[in-house]
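Student: Generate the whole structure from the sequences, applying the supplied hints.
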Amino acid sequence: MPEEKNITCIGCPMGCAVTLTIDDDRKVTSITGYKCKEGQKYALAEYKNPVRTLTATVLTQNSSQRLLAVRTTAPIPKTKLLPGIMALAEVRAKPPIKMGDVVISNLLDTGVDVVATSGLLF
Amino acid sequence: MNRQNVDVAVIGSGPAGMAAAIRAKQSGAENVVVMERAEQMGGLLHQCVHNGFGLLYFNEDLTGPEYARRFMEKAMDVKVTPLLETMVTKISPEREITAISSKEGYITFTPKSIVLAMGCRERSRGALNIPGTRPAGILTAGTAQRFVNVEGFIPGKKIVILGSGDIGMIMARRLTLEGAEVVAVVEILPYIGGLIRNEVQCLHDFSIPLLLEHTITQIHGEKRIEAVNVARVDNNRDPIGGTERRIECDTLLLSVGLIPENELSSMAGVELDPITGGPIVGEMRQTNVPGIFAGGNVVHVHDLVDNVSWESELAGESAARFAMGAKWAEKGKIALKPGRNIRYIVPQTISGEREITLYLRVSDLEEGVRLKIGDIMSKALRVVKPSEMLKIELPMAQLRKLKQGATEIVVDCEKRGK
Numbered sequence: 000m001p002e003e004k005n006i007t008c009i010g011c012p013m014g015c016a017v018t019l020t021i022d023d024d025r026k027v028t029s030i031t032g033y034k035c036k037e038g039q040k041y042a043l044a045e046y047k048n049p050v051r052t053l054t055a056t057v058l059t060q061n062s063s064q065r066l067l068a069v070r071t072t073a074p075i076p077k078t079k080l081l082p083g084i085m086a087l088a089e090v091r092a093k094p095p096i097k098m099g100d101v102v103i104s105n106l107l108d109t110g111v112d113v114v115a116t117s118g119l120l121f
Numbered sequence: 000m001n002r003q004n005v006d007v008a009v010i011g012s013g014p015a016g017m018a019a020a021i022r023a024k025q026s027g028a029e030n031v032v033v034m035e036r037a038e039q040m041g042g043l044l045h046q047c048v049h050n051g052f053g054l055l056y057f058n059e060d061l062t063g064p065e066y067a068r069r070f071m072e073k074a075m076d077v078k079v080t081p082l083l084e085t086m087v088t089k090i091s092p093e094r095e096i097t098a099i100s101s102k103e104g105y106i107t108f109t110p111k112s113i114v115l116a117m118g119c120r121e122r123s124r125g126a127l128n129i130p131g132t133r134p135a136g137i138l139t140a141g142t143a144q145r146f147v148n149v150e151g152f153i154p155g156k157k158i159v160i161l162g163s164g165d166i167g168m169i170m171a172r173r174l175t176l177e178g179a180e181v182v183a184v185v186e187i188l189p190y191i192g193g194l195i196r197n198e199v200q201c202l203h204d205f206s207i208p209l210l211l212e213h214t215i216t217q218i219h220g221e222k223r224i225e226a227v228n229v230a231r232v233d234n235n236r237d238p239i240g241g242t243e244r245r246i247e248c249d250t251l252l253l254s255v256g257l258i259p260e261n262e263l264s265s266m267a268g269v270e271l272d273p274i275t276g277g278p279i280v281g282e283m284r285q286t287n288v289p290g291i292f293a294g295g296n297v298v299h300v301h302d303l304v305d306n307v308s309w310e311s312e313l314a315g316e317s318a319a320r321f322a323m324g325a326k327w328a329e330k331g332k333i334a335l336k337p338g339r340n341i342r343y344i345v346p347q348t349i350s351g352e353r354e355i356t357l358y359l360r361v362s363d364l365e366e367g368v369r370l371k372i373g374d375i376m377s378k379a380l381r382v383v384k385p386s387e388m389l390k391i392e393l394p395m396a397q398l399r400k401l402k403q404g405a406t407e408i409v410v411d412c413e414k415r416g417k
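Protein chains in written order, with numbering that gives the first Met the number 0: chain A, 0 to 121; chain B, 0 to 417.
A hint or two may mislead.
Stated by the list, open to error - Beta-carbon label-pair distances, calculated as ranges: (1) B:Asp-302 with A:Ala-44: 21 to 31 Å; (2) A:Lys-97 with B:Thr-242: 49 to 59 Å; (3) B:Gly-104 with A:Ala-44: 55 to 65 Å; (4) A:Lys-77 with B:Lys-222: 33 to 43 Å; (5) A:Ala-88 with B:His-203: 16 to 26 Å; (6) A:Ala-44 with B:Met-266: 49 to 59 Å; (7) B:Gly-151 with A:Gly-110: 23 to 33 Å; (8) A:Asp-22 with B:Val-77: 52 to 62 Å; (9) B:Lys-222 with A:Ala-44: 48 to 58 Å; (10) A:Ala-88 with B:Glu-221: 26 to 36 Å.
As the list claims (entries may be wrong) - List time: in silico DSSO-like cross-link candidates among lysine-lysine, alpha-carbon distance up to 27 Å: (11) B:Lys-157 with B:Lys-111; (12) B:Lys-157 with A:Lys-77; (13) B:Lys-332 with B:Lys-402; (14) A:Lys-34 with B:Lys-89; (15) A:Lys-97 with B:Lys-78; (16) A:Lys-79 with B:Lys-156; (17) B:Lys-414 with A:Lys-34; (18) B:Lys-378 with A:Lys-40.
Rather than coming from a laboratory, the hints here were simulated on the basis of the structure.
Glycine included, C-beta positions come from ideal geometry on N, C-alpha and C.
Tutor: Okay, here's the thing in structure tokens:
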């Protein structure tokens, strides 16, 4: 049975509702609903490999500051967002930390590091 | 510190204030101070831990703290003087600044020029008139953001968000990631109030229900909020009888718009635009008061920080020039008038003698339109939305087409095709 997948394009305020038809071999057989080339490109990329940058905070220890802001250095697969945040829940960051310092290296084997986006002096 | 010879004083050190101060310094002003009530520069950027900042300005996808850091370091490099933990309480039309500093107490001085960069505030429950009790657990999205991202507390476990502004949608994702359940985002309009990328990446990604053309008609709970009533609205945005239903929750977040913060501007005699809520400005971001300039969300609420930075650089440059003795640029002689489906245009006046960038918003969502800047320029657009600011570059080549002695340009958003 061919399957339909709906994707909202984020390329412009239009927010086209793009529909992909996918056959039994997971191949895309049609793309409809986009109003420009960008929409077609975005929908295909978003279907094949949806990725997001994970941003969050981690708890600190021995610091006057309760939280440290962190991010992944590159987008990771969308499916890794929740497992990623669970991994971050285990972290207790110890000062001193500079912006850009690695908090978790190779998060969940994505090949992407989690780094501090703010600093922790003491 | 000697405050007898301050060239430029910038009020506020968020993205607008930092950009203005750096540019003022780069434009030749010697003594530039930034007055900030918090302990560090950067303003709200520190609590915006999400990414999406700097895509235009730096061509990089930065988080709020990272975007702030770049400007903080630059400000230090060019030797801007920060006055931290200093709250400005008054500005006079003669530019005398009164402030309270935790280090120095009461201070007062008169800089050669001032940049207003106080940003904006969130609309709160009082501005909405939602009927019901007044329990705990109702807060603005930005307050929740501070709790979650800075203080390290989650405001509740079962959350309803009223309004689909960007901060509300971003908090929907943030709270979901931190283990809360966002049961509904309720929006009175037929479309979201924020950016499309936030609808997709904050709501769709986490299957958070978005109720368009709905509003909250009742708040339940004695000590703590227990539930809200939600109803569908008609074309006049009035609740439709019989569509009401109860949604259980322990927290209600409000993301229902931002208001430029202009109490100080008013004290200084700065004239405000009733639509933007900010100072009426000329193309160099000059207000009606000589030597007082303004940039960023204090002028009009932006969607993207990148535009805040650019606009404020203009204000910083003008303030530096004024401090160095440039003749006061009276407001431009050509008024930009909002025409069909245009809500506002910034700047409100131009000289016609230099190329400029117009920032504008439409009143209603429309597809297939043509934006007409008087008869000097026109641009076809596929869609326009009140929630997405339009930015139009107006080069000299176009401005030269203006008739001699023209005093106004009407900007229209016309329907195409017919």
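Student: Take the hints in turn and mark each one as holding or not.
Tutor: Results of checking the hints against the structure:
no.: 1; hint: B:Asp-302 with A:Ala-44: 21 to 31 Å; result: 24 Å, holds
no.: 2; hint: A:Lys-97 with B:Thr-242: 49 to 59 Å; result: 54 Å, holds
no.: 3; hint: B:Gly-104 with A:Ala-44: 55 to 65 Å; result: 58 Å, holds
no.: 4; hint: A:Lys-77 with B:Lys-222: 33 to 43 Å; result: 39 Å, holds
no.: 5; hint: A:Ala-88 with B:His-203: 16 to 26 Å; result: 24 Å, holds
no.: 6; hint: A:Ala-44 with B:Met-266: 49 to 59 Å; result: 52 Å, holds
no.: 7; hint: B:Gly-151 with A:Gly-110: 23 to 33 Å; result: 30 Å, holds
no.: 8; hint: A:Asp-22 with B:Val-77: 52 to 62 Å; result: 59 Å, holds
no.: 9; hint: B:Lys-222 with A:Ala-44: 48 to 58 Å; result: 49 Å, holds
no.: 10; hint: A:Ala-88 with B:Glu-221: 26 to 36 Å; result: 34 Å, holds
no.: 11; hint: B:Lys-157 with B:Lys-111; result: 52 Å, violated
no.: 12; hint: B:Lys-157 with A:Lys-77; result: 24 Å, holds
no.: 13; hint: B:Lys-332 with B:Lys-402; result: 13 Å, holds
no.: 14; hint: A:Lys-34 with B:Lys-89; result: 52 Å, violated
no.: 15; hint: A:Lys-97 with B:Lys-78; result: 22 Å, holds
no.: 16; hint: A:Lys-79 with B:Lys-156; result: 23 Å, holds
no.: 17; hint: B:Lys-414 with A:Lys-34; result: 18 Å, holds
no.: 18; hint: B:Lys-378 with A:Lys-40; result: 25 Å, holds
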